[in-house]
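Colleague: Chain B: place on chain A using the hints.
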Amino acid sequence: MTAMQGVFLFAAGLILWAAFMMVTRQNLVHAAFYLILALFGVAILFVLLDAGFLAVIQVSVYIGAISIMMIFAVMLTRGDVIEEDPVNKNYGWALLLAALFAFGLIILIGQWPAVASLAGDFDSSRDLARELGVALFSPQGFVIPSEVASVLLLAALIGSLVVARRQKGK
Amino acid sequence: MIPLSWYLILAALLFCIGLYGVLARKNAVAILMSIELMLNAVNINLVAFWRYFTPQTIGGHVFAVIVFVVAAAEVAIGLALIISIYRRRKTVAADEINLMKW
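Line by line, the protein sequences give chains A and B.
For what it's worth, this note's numbering labels the leading residue of the first sequence as 10, then goes sequentially.
For what it's worth, this note's numbering labels the leading residue of the second sequence as 2, then goes sequentially.
Extracted from the complex, chain A is given alone in its bound form (with noise of 0.2 Å):
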């Protein structure tokens, strides 16, 4: 075993017992730190996988901004933050539909010549924020993908200041 399937594994195992800590805590701020635990797994795959400024991305957007909303949300709505029973009284099917669909997932996984490829040769001296940046604003890139998602993160701001404002009277 080399030392990055060791890094693997170790990431795996730590993002996948987040995820399940997650989703059976009680405490709601329990639940957002392991969520917080899972995402900086995921950073630590990334950067195995060579993608750098993506892991940065991932500590900066989701660690920094998305986590910190989800406390804010757990803080504004505090009035069940430890529940008594954390599941709906569907979960048994919950559980069967996810348990289903990973034993498709992995079925179909194995189906597949093209999974047991390795990953070839990196040249790490390349500069990939530099190359994302040129294509996310060259008109021959992505510039369009890049207009429209900004223009989508606009709506969601000035989307959410509209419903979450308090309204006039109440």
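Derived by calculation from the structure, the hints in this document are not laboratory data.
These numbers come from a predicted model, not from an experiment.
Treat the hints with care, as some may be off.
[Claimed, not checked] One-sided excerpt, in silico: chain B residues whose CB lies under 7 Å from chain A:
hint, residue
1, L38
2, L40
3, V43
4, I83
Quick reminder that beta carbons are idealized off the backbone N, C-alpha and C, glycines included.
Modeller: Chain B only, in chain A's frame:
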């Protein structure tokens, strides 16, 4: 070296844990957290396919960045909705928000 199947199986399991969380959790904030797990599983797959099949282009990174953007927008809107519902109904349990249930 790590074969591609390890990443795919990990992402499949993570996706299914998130699916279970979405379907089974009561609290709406916990449901949003589980959606984040599912989006992260998708991102692992996208970056793994990029690294194993087309590392000379940058398209895989662009896909992953778009998923980040969608996740951020979705969380902002979702949390605003949850806070608005909490103000009116004093609850965020998904099975008590049943005004439009048939």
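Colleague: Each of the hints needs a verdict: does it hold here or not?
Modeller: Tested hints:
1. With its C-beta approaching chain A no nearer than about 5 Å, L38/B sits inside the 7 Å limit, and its interface hint holds.
2. Look at L40/B: its Cβ only gets to about 9 Å from chain A, farther than 7 Å, so that hint breaks.
3. Checking V43/B against chain A: minimum C-beta separation of about 11 Å lies over 7 Å; hint violated.
4. Hint on I83/B holds. Least Cβ distance to chain A is approximately 6 Å, under the 7 Å limit.
Hints 2 and 3, counting from the list given before, are not met by this structure.
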